[in-house]
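Chains as they are written, first to last, in the working numbering: chain D, 1 to 201; chain W, 1 to 552.
Since the hints were derived computationally from the structure, they do not count as laboratory data.
Treat each hint with caution, since some may be false.
Here are some chain D residues the structure puts well away from chain W; computed CB gaps all over 10 angstroms [to be verified]:
#, residue
1, Tyr84
2, Val116
3, Tyr124
4, Thr139
5, Ala168
6, Phe192
7, Leu195
Per the computed footprint, the stretches of chain D lying under chain W, defined by three or more beta-carbons under 8 angstroms from a beta-carbon of chain W, are [as the list claims (entries may be wrong)]:
#, region
8, 24 to 34
9, 42 to 54
Partial selection, computed: residues in chain D whose CB lies under 7 angstroms from chain W [unchecked claim]:
#, residue
10, Met38
11, Val130
12, Asn133
13, Arg159
14, Ile190
For every residue, glycine included, the Cβ atom is placed at its ideal position computed from N, Cα and C.
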Amino acid sequence: MQGTVDSQATAIAVDHAHEHPDFRVLGLLVFLISESLMFGGLFAAYLLLRGMNEQWPPEGTEVELLVPTINTIILISSSFVIHYGDVAIKKDDVRGMRQWYWITAAMGAVFLGGQVYEYLTLGYGLRTNVFANCFYVMTGFHGLHVFVGILLILGVIWRSRRPGHYNAHKHTGVAMAEIYWHFVDVIWIILFTLLYILTRF
Amino acid sequence: MAQAQLPLDTPLSLPEHPKAWKWYDYFTFNVDHKVIGIQYLVTAFIFYLIGGLMAVAMRTELATADSDFLNPNLYNAFMTNHGTIMIFFWVVPAAIGGFGNYLVPLMIGARDMAFPRLNALAFWLNPPAGALLLASFLFGGAQAGWTSYPPLSTITATTAQSMWILAIILVGTSSILGSVNFIVTIWKMKVPSMRWDQLPLFCWAMLATSLLALVSTPVLAAGLILLLFDINFGTSFYKPDAGGNVVIYQHLFWFYSHPAVYLMILPIFGIMSEVIPVHARKPIFGYQAIAYSSLAICCVGLFVWVHHMFTSGTPPWMRMFFTISTLIVAVPTGVKIFSWVATLWGGKIRLNSAMLFAIGLLSMFVLGGLSGVTLGTAPVDIHVHDTYYVVAHFHYVLFGGSVFGLYAGIYHWFPKMTGRLLDERLGILHFVLTFIGTNLTFLPMHELGLKGMPRRVAMYDPQFEPINLICTIGAFVLAFSIIPFLINIIWSWNKGKIAGDNPWGGLSLEWTTSSPPLIENWEVLPVVTKGPYDYGIEQHKGSTDEDEDEEE
Ligand code: HEM
Ligand SMILES: [Cu+2]
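Chain W extracted, bound-state conformation (with noise of 0.2 angstroms):
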């Protein structure tokens, strides 16, 4: 297994640097990446929190057919900045920013990332970004969506609009300088023992995340610069009137916004790529199918942004290949799935916390999909475009698929962040909880839609208000879900159960630390000696799998 080894003849000695960080070192420019984690994981959970908040005032309008509760604008105004923040202030920065840059580095074995002030830097172009975006509010908050088409985007609310560009360009910057420290950290500053097979896989899936961002993220800016200055300075790229184009909007941002489901996806596959054959005390079930489907994913994602098209006119050549294509991203995704199932099948499962939501994701990843294969169908998605089945199936994909991960990820590192276990009682609660109202609220919304009922309205024909009644419900007990989890996190980091270096012995390199990690992470390096999945192969050497902490 992988070790660190400790020659007791060298003391330590870093006379100018603390053991470890206080609290308020999280409030500073830090350049450590396991501030930087933390910093954007708890950044990211508030504007989770006030996403949230948007969501559940929606639903609560929606509970009945007319407009009592938001007026039309103000129900616009949540609507967009509920998907912008979701999206790109909360599952981007916290599976990318937030693990990506806590575990990298341990899971290596390097002591920092690449370019760690960049990194802080990349980190605090995030608080102002959104700062920028809430702000929009005072000026009546940006209207047109999370899309933000021309031209409804250029002929409302405009001061908010640019403001939510800006925003955008913001948190976009600040993901090419993350994927930049990314792509050069896992490509360089892997432990010398390891090799690329020995890589984990949640490490391959952040280098295809970060080839993904890196690529994509920038058209979305020239997009939206475009958009900026059709917005203020009278330029007409978007404009038919004037010899522009709306569909090259489009097309410029659903070449970042359909890989962007990948940027969301893909560091979560990774994290479940960990959690699982952790808990379920068994080798990961075809290492490299995982690695190089993820590979896979980052490329034919780049090609399928056309199916987001379907009904903006596009030619019927264009529908047979973009159909075709996204249908092919299925098939590496399917491979993920087998594999984790295949992982699961027949191993030690500890049904704990982490793996609930991992089974949880499991299942509610694969009705997503699922909902996701028919969209992905032109004759299928010309009927039910723009309708609550497309918000359903995105909400399988985004919260059973993303937020789920998130959590299964937070049960299964706190311990390594915080040094303290979660409580598994409120942790369970909490997953029921979740499970329950995440199903209630959007497995209806399949039903809204197929009967037809448009999605981004805030007034609807009083025949769907029943079905809307059940998605309210179901919002609300999303929203009291959270309740067990924040008392958790709050009392378990003060007074929770002390974890010990490894409580789950895993076999990647940042169990081989202290829980929490040491500023430079390891007093000496670790050495590899073995893969980070080979779970029960001890056993053939006579030892049980259970006992492999044996670190210093």
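Here chain D stands alone, though its shape is the one from the complex (with noise of 0.2 angstroms):
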């Protein structure tokens, strides 16, 4: 898909003609900085929420930390599960590539089931106050991102079943699924620093 509507059998035109795999995850690196920017604006709102509350959080919201902590444990060790799945896929192995990937994508299942869990039971809505407002919007888009990475690594797993789709030479898109989901990860472990670790001191 890079490059060129079409090809011309030119010296130069071939070198165009040909894949640019490294373009996409170039592309998708490049994406993801802005992406950082975005969720950089809700913490950079949140810190100023938070510096000008006498009180973080307000009386009567009690951050849990049992349910969350389970849970930042299982998206953490995934990133290391689907990074299994690169390697098998470096070494032709497309079936424990996908054996590593439906499992990424089940914890990541669980990682939003605990979400919903924990929303369900908090005991503060969105409007309770502004802590509460600011948990629920940050948590939320980022839950809405690991939904994202879910539909990618499905997506992966789904065009897998072509023989020959991937293979050692040839896996950007599981390269792609892979460094998005490692992005989630780093952006939960500033979320979880921020919204659960900070409100205790």
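Hints given; two lone chains; assemble the complex.
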């Protein structure tokens, strides 16, 4: 899909007609800079609100730690799991890749389930106070990204049904899903620090 | 000079592709960067006309001191949507989406952008976004100005305001996707024979612009999402009585919207750096200075946003910091202006429409820039804040600095895009009317502002009436100035003089292909043998610089 509508048989043009898998990865990386800054905007707003309010979180908003900690462990380990999938495809092991990707998707689903459970049991809602506003918008937004990540992973699994679609030399899609997943993970670590750990001090 | 090497023994065989696009291809999801560029330009121009009509309506209202033409709500809605459309739907899409898409691959010797389908997707986010914005008039129209500051935006016309927010998020997404595409394209798709120091200055400008858009747009999106929640879901991020704070919105907003002025102006500067050397027949003065100053503006531009908030209770140390950083941005801008003037100096200037608009831009931008420096200084800003002085300043920059540049670009590249020349007499008439109109409309506004007329009002104190009348007459001159332009475009597109591949004797790569370019841009990719601005260097070897268009 890269570079040209069509190709021609000249020395320079041939170079252009080739697939440029690295472009797509590069494109994704550049795009993720942008995504980070959107989260960056939310983080900045959160920190400013935190600095402007005397008590943080305001009285009556108890931050639960148990479920989110388990969730965090699951999400972080899923980053290792998905990496094994990438290692597998580089050894031409499509089945192994599918396996690891299935597990990652499942872990992502458990994470989202945990988040929903947390929302249902927290005892405060989106509108309770400005901390709760931040809490739901930020975690909700991140949850949306996890959801998109799961869709990407499932997309990779779906495409890998075709024999030879991915192999040791052709696995850009696999790599992109992995990169995105790591990104979602990194954002979560910052979120977890801001919303859960820092509210303890 | 840059030439396409045409191997005579390789016949062109593209059976499944037509040689050129048909008119209806411009109305489809086409992935060719040239089609997308023209789609952007035409769409943006339609929005310009709509936004312009709103401006004329506002000026008609302001011709007299009382409110007898538009009711205040409608005035506010027009004012809000005029500003929004002009910025988000005209200058930014035309400069970045239009010229950027059309020119960047042609200038770097690529067959298309790095991600053609993403490119088409980015364009097609624009029309629905614009429709959403205009549809907000059915719900009374957003009232809170293009900045949409809370609490005003959270309490007036909430449905319309939400539509406004979604429209901006859509164009913002479009602009982020576009930036990703530009960055990867410029970075990776230059023809191998092109060195970085042979990259046309327009491409340098697009690179800086894209970086800036990539970093600042998502922050605006974050701010707007919070605003959307405040309006519709009962949160209180920006509601002081519930622990929120309106100044947070201002920070997020201006972190984007200050750089947005560079998003508008950097590509225009790029256009200037292409137009001026070609029509002055001289190498550009200070290639590196211009290229690096784009990047410098991009970096420093990210650190000056607070100058819009000097009156928002900003602590003095912050005012100091941001006054100084604001004044620093004037330096790379000054460098560019100096370079262009030095390029013009002693050149064999062709005073055609493109060059007239370029020189017009220079003169007006200097004035707009000077009033900008005064505004960047906290003490002056505090005096004239929210008066017509500000309106005068940003119209000098936006009209004189952006619209003039877009026109210069259109006159310059129209022959490349369509294969036909625009009519020069109509072009000069267009320029004269626009130049007079702009100054007549906006110069008196400085005076209005210093005398204390507030902005964003439909009714004002009768003492301001005479000056306002002059502004309104100017606005009508501006409105009429469009007519020769439209006639020119439509007539010349069909019947204009055939341009040939390189009517201006330009040296950058886009002039090495046919006009309009083939679908694949070149039959064989060009090889760069010379810098894009080496005008007149031939003279030493005995040939003149005018007969350089010896392409196939
Ligand atoms: C046809 C020429 C134009 C006329 C007569 C015109 C007139 C006006 C008027 C009367 C206002 C309202 C000022 C106020 O009430 O504060 C305004 C606001 C504005 N205009 Fe224009 N304008 C023109 C072109 C442009 C262009 C080309 C741009 C940008 C590219 C632009 C950008 C803006 C912006 C950003 C605002 C501020 C809106 C706000 O405060 O929310 N205008 N213009
Ligand atoms: Cu600014």
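Okay, the hints, checked on the actual structure:
1. Tyr84: The claim holds: Tyr84 of chain D sits with its nearest Cβ about 29 angstroms from chain W, beyond 10 angstroms.
2. Val116: holds, 18 angstroms
3. Tyr124: Nearest chain W Cβ is 13 angstroms from Tyr124 of chain D, so the label holds.
4. Thr139: holds, 14 angstroms
5. Ala168: Answer for Ala168 of chain D: holds, closest chain W Cβ roughly 24 angstroms.
6. Phe192: holds, 19 angstroms
7. Leu195: It holds; Leu195 of chain D is separated from chain W by about 15 angstroms at its closest Cβ, greater than 10 angstroms.
8. 24 to 34: Per the Cβ count (7), the hint holds.
9. 42 to 54: With 7 residues in contact (Cβ-Cβ under 8 angstroms with chain W), the coverage given for the region 42 to 54 of chain D holds.
10. Met38: Interface hint status for Met38 of chain D: holds (4 angstroms vs cutoff 7 angstroms).
11. Val130: Result: holds, 4 angstroms to nearest chain W Cβ.
12. Asn133: Holds: closest Cβ of chain W sits about 4 angstroms from Asn133 of chain D, inside 7 angstroms.
13. Arg159: violated, 17 angstroms
14. Ile190: Violated, about 14 angstroms.
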